[in-house]
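Generate the whole structure from the sequences, applying the supplied hints.
Listed here are the chains, written in short residue letters.
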Amino acid sequence: MLLAGLATGGIYSLVAIGFVLLWQTSQTINFAQGEFVMLPAFFVLAAMKFGGLSFAAAMGVGLAVSLLVLGLLFKRLVVDPVIRHGVLPLVISTIALAILMKEGVKEFYAADAQPFPAAWATTNLQVGGAVVSVQNLVIIAVAVLAVVALQYFLGATRTGRRMQATAQNPLLARVLGIPVGRMVLYTFLINAGLVALASFLVSPIYLAKFTNGETLGLVAFVAAIVGGFNQVRGAIAGGLLLGVADNFVAAYLSAQYRAAIPLLLLIAVILWRPQGLLGRAEERSV
Amino acid sequence: MKKALALAVLALVVAAPFGLKPYGIYLLSLWAVMTIAAIGLNLTLGYAGQISLAQASFVGIGAYTAALLTTQGWPLGAAFALAALLCFVIGWLLGYPALRVAHHYLAFVTLAFATLVYLILRNEEWLTRGVYGISGIPRPTLLGWSTKAPLDFYFFCLGVLVLASAAAWWLLRSPWGRAFTALRENPIRASSLGIDTRRYTLMAFAIGSALGGIAGVLYAPLVQFIEPTAFTLGLSFNLLLMVIVGGAGRFAGPFLGAAVSVLLPEWLRFSEGLYLMIYAVFVIVLLAFCPSGLLGLAERLRDSWPRFFKSAT
Amino acid sequence: MKMFLTAVLALAASGAAAQQTVNMPIVIELSGAGAVSGTNFRDGAVLAIEEINAKGGILKRKISAPQSDTQSNPGVSRAQVQKAIDSDPYVILGPVFSGSVKVNMILCQQAEVPQITGAEAADITQAGNPYIFRTSFGQQMSMPKIANYIRDGLKARTVSVLWVNNDFGKGGRDTFVKEMAARNIKVVSDVSTESGQVDFAADVVRLKGANADAIFVYTNEEESARFLREARKQGISKPLIGETTLLGQKVIELAGAAANGVKGHVGLTVDAPVAAVQAFRAKFQKRFNYLPDHNGIKGYTGVYAVKHATEKIGKFDRRLLAKTLHGLTIKPEQEPGILMEATWDANGDIDRISFLAEVVDGKQKIVQTLPKLGK
Numbered sequence: 001m002l003l004a005g006l007a008t009g010g011i012y013s014l015v016a017i018g019f020v021l022l023w024q025t026s027q028t029i030n031f032a033q034g035e036f037v038m039l040p041a042f043f044v045l046a047a048m049k050f051g052g053l054s055f056a057a058a059m060g061v062g063l064a065v066s067l068l069v070l071g072l073l074f075k076r077l078v079v080d081p082v083i084r085h086g087v088l089p090l091v092i093s094t095i096a097l098a099i100l101m102k103e104g105v106k107e108f109y110a111a112d113a114q115p116f117p118a119a120w121a122t123t124n125l126q127v128g129g130a131v132v133s134v135q136n137l138v139i140i141a142v143a144v145l146a147v148v149a150l151q152y153f154l155g156a157t158r159t160g161r162r163m164q165a166t167a168q169n170p171l172l173a174r175v176l177g178i179p180v181g182r183m184v185l186y187t188f189l190i191n192a193g194l195v196a197l198a199s200f201l202v203s204p205i206y207l208a209k210f211t212n213g214e215t216l217g218l219v220a221f222v223a224a225i226v227g228g229f230n231q232v233r234g235a236i237a238g239g240l241l242l243g244v245a246d247n248f249v250a251a252y253l254s255a256q257y258r259a260a261i262p263l264l265l266l267i268a269v270i271l272w273r274p275q276g277l278l279g280r281a282e283e284r285s286v
Numbered sequence: 001m002k003k004a005l006a007l008a009v010l011a012l013v014v015a016a017p018f019g020l021k022p023y024g025i026y027l028l029s030l031w032a033v034m035t036i037a038a039i040g041l042n043l044t045l046g047y048a049g050q051i052s053l054a055q056a057s058f059v060g061i062g063a064y065t066a067a068l069l070t071t072q073g074w075p076l077g078a079a080f081a082l083a084a085l086l087c088f089v090i091g092w093l094l095g096y097p098a099l100r101v102a103h104h105y106l107a108f109v110t111l112a113f114a115t116l117v118y119l120i121l122r123n124e125e126w127l128t129r130g131v132y133g134i135s136g137i138p139r140p141t142l143l144g145w146s147t148k149a150p151l152d153f154y155f156f157c158l159g160v161l162v163l164a165s166a167a168a169w170w171l172l173r174s175p176w177g178r179a180f181t182a183l184r185e186n187p188i189r190a191s192s193l194g195i196d197t198r199r200y201t202l203m204a205f206a207i208g209s210a211l212g213g214i215a216g217v218l219y220a221p222l223v224q225f226i227e228p229t230a231f232t233l234g235l236s237f238n239l240l241l242m243v244i245v246g247g248a249g250r251f252a253g254p255f256l257g258a259a260v261s262v263l264l265p266e267w268l269r270f271s272e273g274l275y276l277m278i279y280a281v282f283v284i285v286l287l288a289f290c291p292s293g294l295l296g297l298a299e300r301l302r303d304s305w306p307r308f309f310k311s312a313t
Numbered sequence: 001m002k003m004f005l006t007a008v009l010a011l012a013a014s015g016a017a018a019q020q021t022v023n024m025p026i027v028i029e030l031s032g033a034g035a036v037s038g039t040n041f042r043d044g045a046v047l048a049i050e051e052i053n054a055k056g057g058i059l060k061r062k063i064s065a066p067q068s069d070t071q072s073n074p075g076v077s078r079a080q081v082q083k084a085i086d087s088d089p090y091v092i093l094g095p096v097f098s099g100s101v102k103v104n105m106i107l108c109q110q111a112e113v114p115q116i117t118g119a120e121a122a123d124i125t126q127a128g129n130p131y132i133f134r135t136s137f138g139q140q141m142s143m144p145k146i147a148n149y150i151r152d153g154l155k156a157r158t159v160s161v162l163w164v165n166n167d168f169g170k171g172g173r174d175t176f177v178k179e180m181a182a183r184n185i186k187v188v189s190d191v192s193t194e195s196g197q198v199d200f201a202a203d204v205v206r207l208k209g210a211n212a213d214a215i216f217v218y219t220n221e222e223e224s225a226r227f228l229r230e231a232r233k234q235g236i237s238k239p240l241i242g243e244t245t246l247l248g249q250k251v252i253e254l255a256g257a258a259a260n261g262v263k264g265h266v267g268l269t270v271d272a273p274v275a276a277v278q279a280f281r282a283k284f285q286k287r288f289n290y291l292p293d294h295n296g297i298k299g300y301t302g303v304y305a306v307k308h309a310t311e312k313i314g315k316f317d318r319r320l321l322a323k324t325l326h327g328l329t330i331k332p333e334q335e336p337g338i339l340m341e342a343t344w345d346a347n348g349d350i351d352r353i354s355f356l357a358e359v360v361d362g363k364q365k366i367v368q369t370l371p372k373l374g375k
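Chains as they are written, first to last, in my numbering: chain A, 1 to 286; chain B, 1 to 313; chain C, 1 to 375.
Honestly, I wouldn't trust all of these hints.
[Unchecked claim] Result set (EDC-like, lysine to aspartate or glutamate): computed pairs, CA atoms no more than 20 angstroms apart in a straight line:
#: 1; chain 1: B; residue 1: K148; chain 2: C; residue 2: E112
#: 2; chain 1: C; residue 1: K155; chain 2: C; residue 2: E358
#: 3; chain 1: C; residue 1: K286; chain 2: C; residue 2: E51
#: 4; chain 1: C; residue 1: K178; chain 2: C; residue 2: D123
#: 5; chain 1: C; residue 1: K178; chain 2: B; residue 2: E125
#: 6; chain 1: A; residue 1: K106; chain 2: C; residue 2: D43
#: 7; chain 1: C; residue 1: K315; chain 2: C; residue 2: D88
#: 8; chain 1: B; residue 1: K21; chain 2: C; residue 2: D88
#: 9; chain 1: C; residue 1: K372; chain 2: C; residue 2: E341
#: 10; chain 1: B; residue 1: K148; chain 2: C; residue 2: D86
Think of the hints as simulated: they come from the structure by calculation, not from any bench.
Right, dumping it as structure tokens:
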């Protein structure tokens, strides 16, 4: 049970991290984050169906297309033109984008759910009397790897540190000669990579469907805020917490109000610890 | 010029239903109801600059209030009063902690609230009849005039819309309203002038929510059957887009936005499933070039081609 | 004078045009949660309409069936039905989603337009509406059959129920629980799930903990598939019982190996050991390039029922049609399009034979044929 919660939480974390990164570096609040997770699976399915590729090749293509569309194109075509008018229009744009992606998949691919192959065995292990699913283990492992890799990249490599500088103080970063525009592009690409990864992990279980983004997006936002908006660590903590809480509440308390848990946590955090569990206190800039 | 335009529009909406079948009249009534909710959201979003994703929930609260009261025999007027009060109070309570923190937090709190309201509406069967919904909602009779027929009910909706618009107009012209506008233009300066920005934003949000509730009270007898799935985030997004597309912060914005939103599926019927995509792309492009919506676009056109309009005036 | 003449001519023309076709709008779920069911229903209806029109139509009039999408949204469905009613229809086909039907059947009732629906919620036919007709079992017909199977076939003393929290699922669950109580079988676990839910880990844990003799699963197609996968993953050993949806084609396709071993009652199925149904299935696949599910049969038989009853009356009269359908039995010998003998009762509910089935090796296998409830 705990394992299932951690696995779900792992997915939430991946999605939340990307969300936080975007917000930190470019003030982009991406309301389409959930749909970003839904889409890569369909790139893969389309590659297999229309391109006749094998699953492995299709995954590669799916990843590449995700990076291109959800990273580069998203930034150039949607974010850059709109953000000069302010954050508010950008938020609305991402809402519109989410609708566009959903309807696009529904129209051009299929309205019903599609089976999505798993890159691992769907068997179970017996560990000390409890049934453990390989799927959950794989998800946790991959999520952990991704996060560790990301942390290393951000902390130990030159590019990573430059990105962090850009996030903390873009003006100063520019003065110091850091190519801010390019750094921001990198965050978009990283986000695209993270959501693609989440998509591949989650679609075999959830089945690929155009509505997949709705709940995932909501949880990602809440995880990010609950954990702490201005720290990547916060997003991880938030995601895991939500995943575990959701599963436990549904199993032992009320199934009917299970969806309320993320929301109650959100309200609680906003009331008592607005910077999130692990975040730094942010000053209100009017 | 503006007055003439307003009168022309008024004449149009009064005359419009006479050539139409019940379906067309239904659409017009729906437009009127949605405009009221959009006016409320415009207060919150366009004037006070806050994103509310819970407007649909307030519409839902209004609708359920009306449904529960009128099916027990209470008059619709009681529902209007109760719903407006309820939504105002809830809006205030919701906004108070959220605005204490930071600008964008209201969006997330309203997001959470929206989902919570949906869950309560659905799960608390003893109150709301849950997923089964409430049917047979009666249409009111005003001083002997029954609004049961589509045409009559449309005029009733129109009447409420005129009242709501007048109230909003008066509000924005009052000192309160000018404070709202100051908030939007320059929050720092506003607070330096001694305006309690938080209090005014909160008021805007609460009033906007109350208007949502009033729209809901009209919605229930219009559709005559309500159930929880009508009042989810989808409707909130829709209302948000109505305000933005029409022109946030402009008085006539909600009218235009609601018209576009209600009529668009009809115009784009030929494109079947694509119409939502077309709408979404349109919104993104609009925001990239002219975030002040269609009205903003119209203003820009008017400003850049003065010679055309000079002769008209 | 000119205006008057033009008006008269226009009226005459429209009148003449109306003579040629009979208007049967299809208001159905083509997008949203009900898209799969709705599309199947529509295609079944369209197949029937094409066949009938090829043979000259009903009473020499071809059927015209404009379609509109309810988007699985009751509010939208109400507007679409209003629009359909404005076009002076003979009969309205659809919707399939119970929530939508309950909203718009009031309109059809007021306008006195017969409505043929595939929705299954019990209370649809309990509202005293003389214009609503089903082409599939209401829950009040299907649940007793399942209950009997659980009591006699499985000999279960305790049962758990997992259901989707919308009016379809709740109605089914309420009826089911009632039937269990009437047979002294204890419901030890009552798990509600969301429409569109993706994660069933917690629900499966609860069910395992309750350890009932049998588990009744009543949710929509995709959720059923996800649930079955999760149940398989966590190693549930007790029998999983369903009603039509759980054993449906789409669920089997999505759940894969996890669907094997599922048993249940199937009111309508394209795998029925009835020649006419098999023929329909082949025709459908040829025309639309995919295998139909039970909703296709609902649409198909609905159109043929209208055709047969209308020919019986000899003219197009909506009120008379409704009256005639109540209590009518149509046999396949009289009307091959009905596929299986069907009787409508005074409420608009349909009575037919049905089947007990099991999923074996990725296919639905019919284990037993159950007779009609009434005679």
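Here is how each hint holds up against the structure:
1. K148(B) - E112(C): holds, 18 angstroms
2. K155(C) - E358(C): holds, 17 angstroms
3. K286(C) - E51(C): holds, 14 angstroms
4. K178(C) - D123(C): holds, 14 angstroms
5. K178(C) - E125(B): holds, 18 angstroms
6. K106(A) - D43(C): Measuring from Cα to Cα gives roughly 18 angstroms; hence the hint holds.
7. K315(C) - D88(C): Holds: K315(C) and D88(C) sit about 16 angstroms apart, inside 20 angstroms.
8. K21(B) - D88(C): This hinted pair holds, its Cα atoms lying about 11 angstroms apart.
9. K372(C) - E341(C): holds, 9 angstroms
10. K148(B) - D86(C): holds, 17 angstroms
The structure agrees with every numbered hint stated previously.
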